[in-house]
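Once you have looked at the hints, place chain A on chain C.
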Amino acid sequence: MRLEEVPQDAAILEQCHEIAYAVDENGTYVLVPSAGWESVNLVNMQAWEVVGAQIKHALEQINNAAASPLLYHMECNQMDVGLLASYVGLTRWRVKRHLKPKGYAALKPELRARYAAVFQIPVEHLDKVPARVELPLASTSKEEDL
Amino acid sequence: MTIAFTHRQSAHCESGVTANLISHYGYSMSEAMVFGIGGGLFFGYFPFIKINHLPLITFRGAPGSIFKKCAERLEVQVSCRQFRNSQRGMMALDANVAAGIPTGVQTGVYWLPYFPAALRFHFNAHNLIVYGRTGDEYLISDPVIDKPVRCAKADLERARYAKGALAPKGRMYSIAQMPEEIPLATAIRKGIAEVATRMVKVPIPLIGVRGMQLLARHMQHWPEKLGDKQSLIHLGHLIRMQEEIGTGGGGFRFIYAAFLQEAAAVLEQPRLEILAQEMTTTGDMWRRFALLGARRCKGHNSADNTFPALAALLRACSIREEKLFCELLSVVKK
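Protein chains in written order, with our numbering: chain C, 1 to 146; chain A, 1 to 334.
Among the clues, some could well be false.
To be verified - Taking lysine-lysine and the BS3-like style, the derived pairs with C-alpha atoms no more than 25 Å apart in a straight line are: (1) 229/A / 56/C; (2) 56/C / 50/A; (3) 190/A / 50/A.
To be verified - Across the chosen pairs, the derived CB separations fall in these ranges: (4) 65/A / 53/C: 28 to 38 Å; (5) 113/C / 88/A: 17 to 27 Å; (6) 65/C / 134/A: 24 to 34 Å; (7) 273/A / 53/C: 47 to 57 Å.
Please keep in mind that the hints were generated in silico from the structure rather than gathered at the bench.
Values in this document were obtained by computation on a predicted structure and should not be read as measured data.
C-beta: ideal position from N, C-alpha, C; glycine also.
For reference, chain C alone in the conformation it holds in the complex (with noise of 0.2 Å):
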């Protein structure tokens, strides 16, 4: 990569930049600012899109009383049954008990505030889920022709 081929692209870095490493005329290596690439910040929208289908999936579940409110904060969190239990400190079956409604309802308080402990809210935000996606994004790609 030349210099004058340091991308500088500003999306998912925000105000950041990272360092890109590319030759000067002479040929010698320099480390150059760069505000991103558009190329990463299509790459990374998509991964950010899976995420909010699964959110999205979520929230269709616990309309239907298929699954609890948990579900939304496990996926708005990105964890899946495993990392959740482990941050929680309880076994796998307990937690997945807990994403149905009906093990949910049984949540005793102590419990409930360690769930919300995790996901760093307020234990009265723990019922709360949005009637659509938000994603924790700041900017978004902006659209440019690749």
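The following block gives chain A in isolation, referenced to the frame of chain C:
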């Protein structure tokens, strides 16, 4: 308590942390040099290990190995510790900072509030340096971020005790003692020999150039095997592993080329300078692969970015790199 520490931004976290720590003790070292000596370059494709339903593809060695091997080869004495109990882990970190020792810590990126939101996935092999504390905040030199940052204690503790694959378990490390003289030339030879051997000589079809060829063979059939949507997600995943923050571009090829260039001067081996140029060329091929692949992900299809065409490009990379690493082996073994 604040340690006078110079923050230098780098492309990759672990090699940046290592280089900045060594430089702090008076021996100025570039990130590329550390990356090369620590044998950072790698390729591994493990289709049977799935992370989020996607195959494990890696362009770098095991987390922690760059620091460890670099220290070993430079004869720098280091201290590495892990703590099961998070309070004890934070106390040990405080003690280090109070003693004026800048300390590297392994963290997950998901819980670091200063990280760009779009990059906050559950990735646990991130590295940063803690060089001070004021009240409840730690002063952090995170090598992939432009400037030094601050991070609340609770957040850093969470990040150090992130769970899941490659969990850091509070791992922290620092330099205990620098040697009288640094055996730079020998260390460079060892670093190159290790990487080159791994890339071309290991008879396992999953790693090195053989791994690339296996990936190319599999990729060719992704559309029939996985369906359109999943094959694009697989392709996007590969491009992210190759290019997303921390590789310096081209799946670490450009950092490695910068290292070969420095090594050529130290070892007085002009041949390495030419091989650095060749490495730049293969890096450019990887970049082209990422560009074409991203276009396919976006739905801009053309003859040069069909899955067979992308696989052919990958194969071309592997053939060129096989030759390159064989030559590197012969240069350092002389």
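Status of each hint after checking the structure:
A C-alpha spacing of about 17 Å is found between residue 229/A and residue 56/C, which places the hinted pair at or below 25 Å, so the restraint holds. Distance hint between residue 56/C and residue 50/A is fulfilled; the C-alpha atoms sit about 23 Å from each other, no more than 25 Å. The hinted pair formed by residue 190/A and residue 50/A fails the criterion: a straight-line CA distance of about 32 Å is larger than 25 Å. Between residue 65/A and residue 53/C the beta carbon distance is about 35 Å. The supplied range of 28 to 38 Å therefore holds.
At roughly 24 Å, the beta carbons of residue 113/C and residue 88/A sit within the given window of 17 to 27 Å. Between residue 65/C and residue 134/A the CB atoms are about 50 Å apart, so this pair departs from the stated range of 24 to 34 Å. Between residue 273/A and residue 53/C the C-beta distance comes to about 49 Å, which sits within the given range of 47 to 57 Å.
The structure fails to meet hints 3 and 6 from the earlier list, while all remaining hints are met.
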